[in-house]
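J.: Order-wise, the sequence lines are chains Z and Y. Numbered according to the working numbering, the first sequence spans residues 1 to 169. Numbered according to the working numbering, the second sequence spans residues 1 to 146.
Hints are computed from structural coordinates only; laboratory data are not their basis. Since this is a predicted model, take the numbers as computed values, not measurements.
EDC-like, lysine to aspartate or glutamate: derived pairs with alpha carbons at most 16 Å apart:
| # | chain 1 | residue 1 | chain 2 | residue 2 |
| --- | --- | --- | --- | --- |
| 1 | Y | 145 | Z | 167 |
| 2 | Y | 59 | Y | 120 |
| 3 | Y | 32 | Y | 114 |
| 4 | Z | 128 | Z | 89 |
| 5 | Z | 41 | Y | 108 |
| 6 | Y | 103 | Y | 114 |
| 7 | Y | 145 | Z | 89 |
| 8 | Y | 117 | Y | 100 |
| 9 | Z | 35 | Y | 74 |
| 10 | Y | 103 | Z | 44 |
| 11 | Z | 165 | Z | 107 |
| 12 | Z | 165 | Y | 144 |
| 13 | Y | 105 | Y | 132 |
| 14 | Y | 59 | Y | 114 |
| 15 | Z | 168 | Y | 110 |
| 16 | Z | 168 | Z | 84 |
| 17 | Z | 116 | Z | 155 |
| 18 | Z | 41 | Y | 110 |
| 19 | Y | 93 | Y | 132 |
| 20 | Y | 105 | Z | 44 |
| 21 | Z | 168 | Z | 148 |
| 22 | Y | 145 | Z | 133 |
| 23 | Y | 68 | Z | 44 |
| 24 | Y | 145 | Y | 120 |
| 25 | Y | 32 | Z | 89 |
| 26 | Z | 35 | Y | 108 |
| 27 | Z | 168 | Y | 144 |
| 28 | Y | 145 | Y | 84 |
This is what each chain is made of:
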Amino acid sequence: MTDSMISWLSRKKWILAGIGLPVLVAAWWAFRPEKLWVNVKVNEPAPFGSSADLQPLYTGRLAGRAHPTSGRASIYQTPDGSRDLRLTDFMTSNGPDVHVVLAQSGDESLGQAFVKGELNSVELGQLKANQGDQNYHLPDSADLNRYDAVVIYCERFHAVFGVAKLDKF
Amino acid sequence: MLSQIKLALAFCVLTLPWGSQFSVSAQESTAKTLATGTFHGKVHQTSGRATIYQEADGKLVLRLTNFKTSNGPDVHVILIAAKDAEDDANFLKSDIARVELGKLKGNEGDQNYEIPKGTDLAKFQTVSIYCERFNANFGAAPLEKF
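Chain Z with its partners taken away, still in its complex shape (with noise of 0.2 Å):
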């Protein structure tokens, strides 16, 4: 290898770097690929004094089944630490012997119409109405991870008139 040879590939590589440097700096910070193991944590509280207030566990919007159902149904705790499930903007058809009741999401029963044999369910009262906002006590024992659904469900035909999915708030 001659000596201009030398040169010239040191050169290059004075070149090459040149050009590689602002390149990879310029992807580094197109891309920050660091950030995908750095997380950056908030806790800001709500925008509101709550700590009195019922607080929201738990939302979810019904969906008809046997009869149009539309309406929100949220799960509350009160201060004292006992549960109510509210529902607004609520509307059902009226019916004989409905019930409102928790039932597991992944029960495949609630996908249809009507529920073969019992429904594996926590009674949480007769329906009040079949419109407007209203609310249901939560039995203590009610656990939530399983039943995770509410149900409004005629006891009679056993019919699924309306389901919602419960989400955490």
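Fit chain Y to the supplied structure of chain Z, relying on the hints for placement.
T.: Only chain Y this time, still in chain Z's reference frame:
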């Protein structure tokens, strides 16, 4: 006498408790919950809840809870004029109307963003976690009436 009885009867009927009154209305004195929705995002795993509150003075606040997304460069929180940003649409359409709420404060945790006065929530129905540099939608939360 008869008319008096009729009147009394009519009064009784009228004052029957037609609609039951309940008082769980939680944040009436402090803030009202207007709309809420959950995040979904496949390309950059995004999860959690977005909720819009109206404070007593009328100010609108977006609050993210149980929130998690991937960290990235130049990430912002915006409202977009769409029913939902599709999962697979990693990039927002350039002609979509948007309202800037600010830089993402953290990729994890509860956080609040003020919504500019006069923002039409009937039009801007979806929250998007949005990388401005690449026009990329990390995750979107379609909002529904609370």
